[in-house]
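Student: Protein sequence lines correspond, in order, to chains A and B.
If you read the first sequence in my numbering, its first letter stands for residue 8, the second for the next number, and so on.
If you read the second sequence in my numbering, its first letter stands for residue -4, the second for the next number, and so on.
In short, the hints are calculated from the structure, not lab data.
C-beta: ideal position from N, C-alpha, C; glycine also.
Possibly wrong hints are sitting among the right ones.
[To be verified] A few chain A residues that face chain B, going by a derived Cβ cut-off under 10 Å, partial list only:
| no. | residue |
| --- | --- |
| 1 | Phe15 |
| 2 | Thr131 |
| 3 | Gly142 |
| 4 | Glu143 |
| 5 | Arg144 |
[Claimed, not checked] Rough simulated footprint, nothing fancy, chain A against chain B, three-plus residues with beta-carbon under 8 Å:
| no. | segment |
| --- | --- |
| 6 | 30 to 44 |
| 7 | 145 to 154 |
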Amino acid sequence: MRLTQGTFSFLPDLSDDQISNQIEYCLENGWAVSVEYTDDPHPRNTYWEMFGNPMFDLRDAAGVMKEVSAARTTFPNHYIKVNAFDATRGVESLRLSFIVNRPDPEPGFGLVRQEVDGRAIRYTIRAYATDQPEGERYQ
Amino acid sequence: METGNGKATPLGSSERYKAGVLKYAEMGYWNPDYEPGDTDVLALFRITPQDGVDPIEAAAAVAGESSTATWTVVWTDRLTAADSYRAKAYKVEPVPGSPDQHFAYIAYDLALFEPGSIANLSASIIGNVFGFKPLKALRLEDMRFPAAYVKTFDGPPTGIVVERERLDKFGRPLLGATTKPKLGLSGRNYGRVVYEALKGGLDFTKDDENINSQPFMHWRDRFLFCMEAVNRASAATGEVKGHYLNVTAATMEDMYERAEFARDLGSVVVMIDLVIGYTAIQSMSKWARRNDMILHLHRAGHGTYTRQKAHGISFRVISKWMRLAGVDHIHAGTVVGKLEGDPDMVQGFYNVLREPHNPVDLQRGIHFEQDWAGLRKVMPVASGGIHAGQMHQLLHYLGDDVVLQFGGGTIGHPMGIQAGATANRVALESMVLARNEGRDLWAEGPDILADAARDCSPLKAALDTWGEVTFDYTSTDTSDYVPTPTPA
């Protein structure tokens, strides 16, 4: 399967030039860019690991690309995403978030059904990868 | 004689309160010197007086009939601080280009309104006055709510920012589709459409406004099959997905029962129709707050009173009321689709729903400055006759914070529903990518779509099928301040 979280997951994987253009766009808008990684891609895993703090003072796309590249070197088989944070009052949230690295293959998710009263079902989504301990999931 | 605001009424008190009939203007409902206070509620009406009726008297009559007046003088006014409770028409001006119409600006004291009640507000502002004989037609065009009044409403239970955080979806419009055909599918077949569309790439699917609990599909059956589809699609993609389960029903008790069932099954969103009424909407908003639920509002019925320019209520006002009443999604027009929607007017509705503050913007029909006092933002929904080939226009007109709903444009795809959904998602992501790279969507949009279609046969098929389809009719609800362009 292909994990389709993030803004551009239905497009072919972005080239470094395309990633750099998106980062440029974020910086022009005054957003703080950050890099995060995980080996638990559950749709409700909000807290991916931070590859350093958001780069509030970095205004140069090349600098951000260095961080992306360092994250890829350190975690070549993890999901890695680039986030852009907008601190404008009334937003104070992400404005863009897209995946820039993914494991190969991506085993995906199973759906666990617990049959309860009145034909209702309690659903649990489980990443096959998380059967393994953290750090040993996409070898 | 002094009013609460220090302005003189036209008559002395003995003449003013003599039994009999006076002109509304003479009763104190017209005051051209009145300067609206920061805590006044303001309303702008478009009035079309009967032949021979003076526009100022007509405006005063509207102020009177929407506040304290009756047709004759009553002495019991003198038991109240009547001068402050009277609404004041303070400005009347001709409507540009419409010689028989005038704009009447009216100010209402804040004390006239119960805190946090759209039912109370609307009973005054659009109550008896809309049947008033001396007027041929009357339309409520816009309102300004003081911050003190805005703060008495809870507003959207979720709001745009929190909705995105909950769904983990940023940087692009959300995508949806309404299950079709809107009537007749069994629960099992209905859920099939939901599964295919969500797995193919949509974020949401939707019940239609008139899908409730009919002989071919009872509501519990629909909810169970739809949640199976939602969860299967979520597992297949790793994304949070949702289906707007319509809980509209005959009574509040039924609606609560359906909403609770949706919550227990793990749905992230429920849906109501505008026709349930303002009080029911506010009740469901409170319920949604208590249950961390996104509340989707379908504007069923609004066209009966919003579409005609001379009479009724502008959808701009409905948008403001629904932001106060507290819904998270509201259908607010597409500009380019099959339903009524002039570009300027639609952008005005979107601004009212999404911005923290609205400046006066006459071209978009916004006549008052409005500070939303931190009230959460409503996600507008664009639905009705739109397709992937219009993606550049949709992004240009509507921006990022919108749900684009392609019902026929997903389900009618020649390669199937999943392919239809994928076509829409690829068209959207490629357009956002290109915009962020600084490309000119208006000029290059068709080329960007054609390029994306080279890697995506479903998008190519969508463009081949619908690329030329447009709904190019002149709008009826248009700006008074600029010539009206029709969308290409």
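Student: Report the numbers of all earlier hints that the structure fails to satisfy, in ascending order.
Tutor: 3, 4, 5, 6 and 7
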